[in-house]
Amino acid sequence: MSASSSGQPKLPLSVDHGGGRYPGLDTLGQSSHWDMATTGVVAPRVGIPVGLRFFTQREEAVACALTDQLLGQHEDPRVPVVRMIDSRLAEGQGDGWHHVDMPPDDLAWRNSLAALEEDACSRLGAPFADCSWPEQEASLRAIQRWRGAWHGMPAQSVWSLWTRYADTAFYAHPWAWDEIGFGGPAYPRGYKHLGLDAREPWEVKDIRPTLDPLRLRENP
Amino acid sequence: MKGLDSRALRRRNESAWLVPADGRDVNHRLRADMRTFDDDDEVDLVIVGCGAGGSTLLQRLARRGWRVVALDAGPFWDPEQDWVSDEAGSHHLYWEEPRVISGADPVPLGSNNSGRGVGGSMVHFAGYTPRFHPSDFRTRSEDGVGADWPITYADLRSFYEEIEGELPVAGEHWPWGDPHGYPHSPHPVSGNGEVFLRGAHALGIDARVGPVAIANGRFGHRAHCIYRGFCLQGCKVNAKASPLITHVPDALSRGAEVRADSMVTRVQVDDRSGLATGVHFLRRGRQRFQRARLVAVAGYSIETPRLLLNSASARFPHGLCNDYDQVGRYLMVQGAPQTAGRFGTEVRMWKGPPPEVSTEAFYETDPTKPYKRGFSIQTVSPLPITWAEHVSAQGHFGDDLRRYMSDYPHWACLGALCEFLPRADNRVTLDSEQDRHGMPVAHFAYSQGDNDRMLMKAAREVMECILRAAGADEVITIDRFAHLVGGARMATDASQGVVDRSCRTFAVPNLFITDGSVLPTQGSANPALTIMALAARAADLLARGARSGQPPTRKP
Numbered sequence: 001m002s003a004s005s006s007g008q009p010k011l012p013l014s015v016d017h018g019g020g021r022y023p024g025l026d027t028l029g030q031s032s033h034w035d036m037a038t039t040g041v042v043a044p045r046v047g048i049p050v051g052l053r054f055f056t057q058r059e060e061a062v063a064c065a066l067t068d069q070l071l072g073q074h075e076d077p078r079v080p081v082v083r084m085i086d087s088r089l090a091e092g093q094g095d096g097w098h099h100v101d102m103p104p105d106d107l108a109w110r111n112s113l114a115a116l117e118e119d120a121c122s123r124l125g126a127p128f129a130d131c132s133w134p135e136q137e138a139s140l141r142a143i144q145r146w147r148g149a150w151h152g153m154p155a156q157s158v159w160s161l162w163t164r165y166a167d168t169a170f171y172a173h174p175w176a177w178d179e180i181g182f183g184g185p186a187y188p189r190g191y192k193h194l195g196l197d198a199r200e201p202w203e204v205k206d207i208r209p210t211l212d213p214l215r216l217r218e219n220p
Numbered sequence: 001m002k003g004l005d006s007r008a009l010r011r012r013n014e015s016a017w018l019v020p021a022d023g024r025d026v027n028h029r030l031r032a033d034m035r036t037f038d039d040d041d042e043v044d045l046v047i048v049g050c051g052a053g054g055s056t057l058l059q060r061l062a063r064r065g066w067r068v069v070a071l072d073a074g075p076f077w078d079p080e081q082d083w084v085s086d087e088a089g090s091h092h093l094y095w096e097e098p099r100v101i102s103g104a105d106p107v108p109l110g111s112n113n114s115g116r117g118v119g120g121s122m123v124h125f126a127g128y129t130p131r132f133h134p135s136d137f138r139t140r141s142e143d144g145v146g147a148d149w150p151i152t153y154a155d156l157r158s159f160y161e162e163i164e165g166e167l168p169v170a171g172e173h174w175p176w177g178d179p180h181g182y183p184h185s186p187h188p189v190s191g192n193g194e195v196f197l198r199g200a201h202a203l204g205i206d207a208r209v210g211p212v213a214i215a216n217g218r219f220g221h222r223a224h225c226i227y228r229g230f231c232l233q234g235c236k237v238n239a240k241a242s243p244l245i246t247h248v249p250d251a252l253s254r255g256a257e258v259r260a261d262s263m264v265t266r267v268q269v270d271d272r273s274g275l276a277t278g279v280h281f282l283r284r285g286r287q288r289f290q291r292a293r294l295v296a297v298a299g300y301s302i303e304t305p306r307l308l309l310n311s312a313s314a315r316f317p318h319g320l321c322n323d324y325d326q327v328g329r330y331l332m333v334q335g336a337p338q339t340a341g342r343f344g345t346e347v348r349m350w351k352g353p354p355p356e357v358s359t360e361a362f363y364e365t366d367p368t369k370p371y372k373r374g375f376s377i378q379t380v381s382p383l384p385i386t387w388a389e390h391v392s393a394q395g396h397f398g399d400d401l402r403r404y405m406s407d408y409p410h411w412a413c414l415g416a417l418c419e420f421l422p423r424a425d426n427r428v429t430l431d432s433e434q435d436r437h438g439m440p441v442a443h444f445a446y447s448q449g450d451n452d453r454m455l456m457k458a459a460r461e462v463m464e465c466i467l468r469a470a471g472a473d474e475v476i477t478i479d480r481f482a483h484l485v486g487g488a489r490m491a492t493d494a495s496q497g498v499v500d501r502s503c504r505t506f507a508v509p510n511l512f513i514t515d516g517s518v519l520p521t522q523g524s525a526n527p528a529l530t531i532m533a534l535a536a537r538a539a540d541l542l543a544r545g546a547r548s549g550q551p552p553t554r555k556p
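Chains as they are written, first to last, in my numbering: chain A, 1 to 220; chain U, 1 to 556.
Just so you know, the hints here were simulated from the structure itself, not pulled from any lab data.
Have a look at the derived ranges for each label pair, beta carbon to beta carbon:
#	chain 1	residue 1	chain 2	residue 2	range
1	U	GLN394	A	GLY92	29 to 35 Å
2	U	ALA104	A	GLY92	25 to 31 Å
3	A	PRO134	U	ALA202	45 to 51 Å
Only a predicted model underlies this, so the values are computations on that prediction, with no experimental measurement involved. We put the CB at the ideal spot given by N, CA and C, even for glycine.
Start from the sequences, fold in the hints, and give me the full structure.
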């Protein structure tokens, strides 16, 4: 496991999957340039995680396996996305809407995790978290492609709920920013070098600019 | 801005000079010294909602000596303490109280279109402030679709000019609609804007820098933009306009009260006189009632209809002002597909303000096309979480998602605003679900029409062409929606809408609606400027009425 100069771990990601494109980028290492309010919301994401308040232990197991799949987190260190989702649900920090045929987000999470567990037990004979990576992936792909109701909820709405919360938690994290070349908070410093191929002195150039994800998909 | 213009502007609205010159965001003295009214004071006007419409009305009438209070459900923001340069940490800027959505094309609410707190949605709007075109006010007559407004572009023109000066708006000379210039010169553009200009130029499409409500150069004591790119997370710099800095300071200095953290639950109407007498609101857990001679509702297209529907009485059994079943109807969103293009060079689209360059070359009806009306195209530049949602929407997850995301610096992104047409069944009703106050939540049903779908497709094709012409090797598009207008529309008579041409409700002579819900059509323009101009016009008419002897007659 490698670490940045600010002592933060690098998330494990293979070169084929886009790992290591911005060597040395260390957004948390720039935190002396951030304002206090921003540091106050970003720093806790890499601090000691608070205990779970919303998910039960059984739900936690399913949620961890589910979000590992959604975000390709195969091994530690991981961004603690389930803790972050748990906090939002415990605090009632929803998105401000829900579909008429879906319950509010907190209940939708509980119901959909229970449904995932039920499917795994009845079809694969094991709790979802104990299924193999390919088995989990195949079940999720089936739900993603399903058009219609899944355990009484529209499958597409469930998929959207999961990915919305998972993406928000993961890409709020400074380790993820380092992986994608994003510089993080920018106040009060701002940017001086705007334009194509223009970088601030502390920004890091992509060392594999030809790793176009669409081409990779066409010629894997 | 020339010296004379600047002096005239300052005589009209001194907000930019009331911001402290020491680099702080907030004039705390102005807030500490704010005049406060008692609930039993019969104020001249109580305003519900302190966003684009409410704040403008507040400032204009405070200037005329009116005793005015604006209530807002959210906080009275202090940008330095309350706002952050971070995407996930900005959830509190959005209206996150529960709402239910349905229909064939349900529209997600919250972060994309619903603000909260003093300043309203303009706190997190990108900053684009285009005018509507003259044709927008006559789409029924000219194109056989939508609705004609009971006012014309000429009725709004001088108010557009005033508000553009007060925000202020920066941009190139604008050749579309009613051609006009802007008070501040265009900002420099980042990689994303460069891509748009280059692609448009290659295709012979006219695209221009602006119009953006970010001061460019000296403007009172407001700070200059630092091009940090977090416009949608609230401008901590005080460079991007929102009523919190453009109209509220002047209102406070003229004796207005802004009462934050006050959720209005009902407008009270006296069934005998037929007049509004004030508003019921909740503050710090207590039920209160503010008396007023006039009431203006400016809670935006979801909360304004919800409040009217929740204010039913013996006289208005189906909801206030709803004798003709018009409240909540004709609610519109714009189709807002976003198309991203992949470049070998690094674009780093998150650097610089997302609003940079736009074109209105496709705004008007093109007789050679099968659809009516049109769309505009603008730079947008999603931050990582929003960008991840784009990528996820293509079906990617797991390793695939991570690989896409690692390519983030290479993508440029454009967004369209398609003029979706008003439909009676696109509406807000009250749901059986209740919020924590026991008030029914809003239920918003939305479905597109055929014209809407054709516009989405056409806009997507143009954006793909522009990005390819700029050198993109791959493009991806996500279909989404933006903005909310309508829901209590302006009309010539009560059977067709909720308010008249002066924003006065047909049903209750001393009740006004001064927000985006009064718009009968929406054009392909971002609505903030038009909402402010309409509120400024309503204020002007009200103030003239006062001089001619209509209420209020009380001396301030």
